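Novice: Using the sequences and the hints, build the whole thing.
Numbering (numbering that gives the first Met the number 0), first residue to last: 0 to 497.
Hints may contain errors.
[Said to hold, decoys possible] Straight-line distance between alpha carbons at most 20 Å, and here's what the computed PhoX-like set of lysine-lysine pairs gives: (1) 60 <-> 46; (2) 98 <-> 115; (3) 396 <-> 30; (4) 444 <-> 135; (5) 98 <-> 109; (6) 376 <-> 135; (7) 376 <-> 20; (8) 109 <-> 376; (9) 109 <-> 139; (10) 115 <-> 135; (11) 115 <-> 376; (12) 444 <-> 139; (13) 396 <-> 20; (14) 20 <-> 30; (15) 396 <-> 109; (16) 331 <-> 351; (17) 376 <-> 21; (18) 396 <-> 376; (19) 329 <-> 422; (20) 351 <-> 396; (21) 30 <-> 329.
[As the list claims (entries may be wrong)] Label-pair distances were calculated between CB atoms; the ranges are: (22) 105 <-> 58: 24 to 34 Å; (23) 231 <-> 181: 25 to 35 Å; (24) 467 <-> 343: 15 to 25 Å; (25) 261 <-> 418: 44 to 54 Å; (26) 55 <-> 105: 27 to 37 Å; (27) 385 <-> 21: 19 to 29 Å; (28) 257 <-> 417: 48 to 58 Å; (29) 135 <-> 9: 14 to 24 Å; (30) 52 <-> 287: 46 to 56 Å; (31) 416 <-> 496: 53 to 63 Å; (32) 35 <-> 198: 47 to 57 Å.
Since the hints were derived computationally from the structure, they do not count as laboratory data.
Since the model is a prediction, treat every value here as computed from it, not as a measurement.
Virtual Cβ for every residue (Gly too), placed ideally from N, Cα, C.
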Amino acid sequence: MALPPVSSLAFGLLALLLVVKKLALFIHNRKFASQHGCQPASSERNKDPILGFDRVRAMLKASKEHRFLDYSHNRFMQNGFTYEAFMLTRRVIHTADPKNLQVILATNAKDYSIGKRRMNSFRPLLGHGIFAADGKQWEKSRALLRPSFTRDNIADLDIFERHVANLVNCVPADGATVDLQDLFFRMTIDSATQFLFGHSVATLRSDSPAEAYQFSKNYHEAQDGMIRNARLGLLIHLHPAYKRSFNRAVAGSRGYVQQFVKQALRSRASQTKDDKLPDCFLSQLAELTTDETEITDQLLNVLLAGRDTTAGLLSIQFHILARRPDVWAKLKAEVATLEGRRPTFNELRDLKYVSATVNETLRLYPIIPRNVRTAIKDTVLPTGGGPDGTSPVFVAKGQNIGFDVFTLHRRHDIYGPDAEEFKPDRWENLRPGWAYLPFGGGPRKCIGQQFALIQAAYTTTRLVQQFERIESRDSRPLQELLTVTCASRYGTQAALFR
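Specialist: In structure tokens:
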């Protein structure tokens with residue numbers, strides 16, 4: 000049926016308006032790029048030039064087979080360290096260039112956002128906390144959290160010792176196989192909740208309260224659901240069972256934390272000048288704000304970093320150590336200087352080979368191997384464009400940039416021809432600057448970086464002191480398990496011998 004004349008005219012005018020708008024945007028972008036000397040980055044070729052469905056299928060297949068990081072790395076090897084890819088009507092810039100990352104994360108950080116998709120996916124669990132916020136809200140979160148990560152707060156090694164001791168008690172004495180990854184994730188949620196709430200969920204202890212164990216389970220499920228939401232976007236609505244399960248886990252997680260927040264705020268309200276609140280992260284936040292929701296949001300955000308970052312790092316590190324008796328022997332020799340005693344904070348920092356082993360693990364397997372920023376204004380990357388890849392690259396408002404730390408850390412032109420080998424000794428004189436970003440960089444650099452590094456180094460030192468050797472009980476190569484962070488798909492199956 001033919002459209003009425005008025006409808007035909009309106010449709011024609013709308014189409015014309017869209018064409019004019021698109022043409023004006025094209026002219027604007029071209030002028031901006033020319034003014035800044037920009038050249039296009041190399042463009043990845045798709046078999047499907049219309050929507051790039053071949054690329055979507057390849058990405059989904061790699062993700063399903065737990066080889067997404069290698070797949071992404073190979074794309075850089077084929078297209079260069081800064082390239083543009085077309086997929087589902089959107090053009091995305093991918094980069095693993097330290098100069099570009101310095102500009103994205105630091106120099107021109109205000110030109111970028113973490114993106115609406117991340118914020119919308121993270122907010123049910125994390126609220127308006129630091130990992131789900133941008134702009135003024137993020138600045139407020141950062142200012143609220145920073146005082147709790149002073150050296151005095153993170154240098155208390157006693158909080159780590161009791162949980163490492165609980166982990167050691169869970170390791171079979173007869174050399175039987177144990178999944179260290181499971182123990183590391185339990186240890187880090189135990190220590191993180193102790194640091195945050197002044198009360199540990201104690202999942203490594205057989206007498207852990209059922210309520211605490213359920214919280215640990217809920218929090219893990221809520222995190223998985225959060226990442227599923229980010230990956231599926233609106234398609235999550237096609238899976239109502241996922242949504243229901245996610246909502247239950249979120250409610251359980253937030254409800255558990257809120258009981259501690261309420262208690263802290265009540266204690267603060269009835270506090271006299273002679274009273275002293277428990278010395279923990281929550282008490283410090285309660286001194287700065289009485290907003291129950293805000294405190295809950297921040298606690299859940301810091302818990303995310305406190306549990307997953309260190310647990311993923313230790314899991315992968317010990318997966319490697321179980322296969323590298325030469326590295327284990329060097330660690331044994333270094334920690335032997337302590338003569339069996341617990342290291343002090345300063346002694347721990349002086350264990351250079353322990354530190355190098357942690358750094359090398361983070362280099363080969365950065366805990367957050369990939370990330371995304373969205374341009375909130377027209378801007379420029381300093382390099383990656385033109386035939387030789389050295390010209391600036393135009394970034395349009397609304398365009399996404401995916402940056403790959405996994406590939407950055409394996410660049411042969413930066414780390415040498417042995418860049419993909421595990422060699423802690425390389426850190427004796429290595430100063431990679433913006434070519435090493437395991438915790439990000441710039442204003443959004445992980446605020447708990449030192450906490451994570453200290454816990455990883457302390458745990459490594461104490462386990463090397465406690466056990467004479469480690470043996471792998473899994474012949475499979477390391478495969479990634481990508482959630483919020485990176486861990487091992489099959490865990491860390493090993494045996495430890497005293």
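Novice: Honestly, which of those hints from before does the structure not fit?
Specialist: 2, 20, 21, 29 and 31
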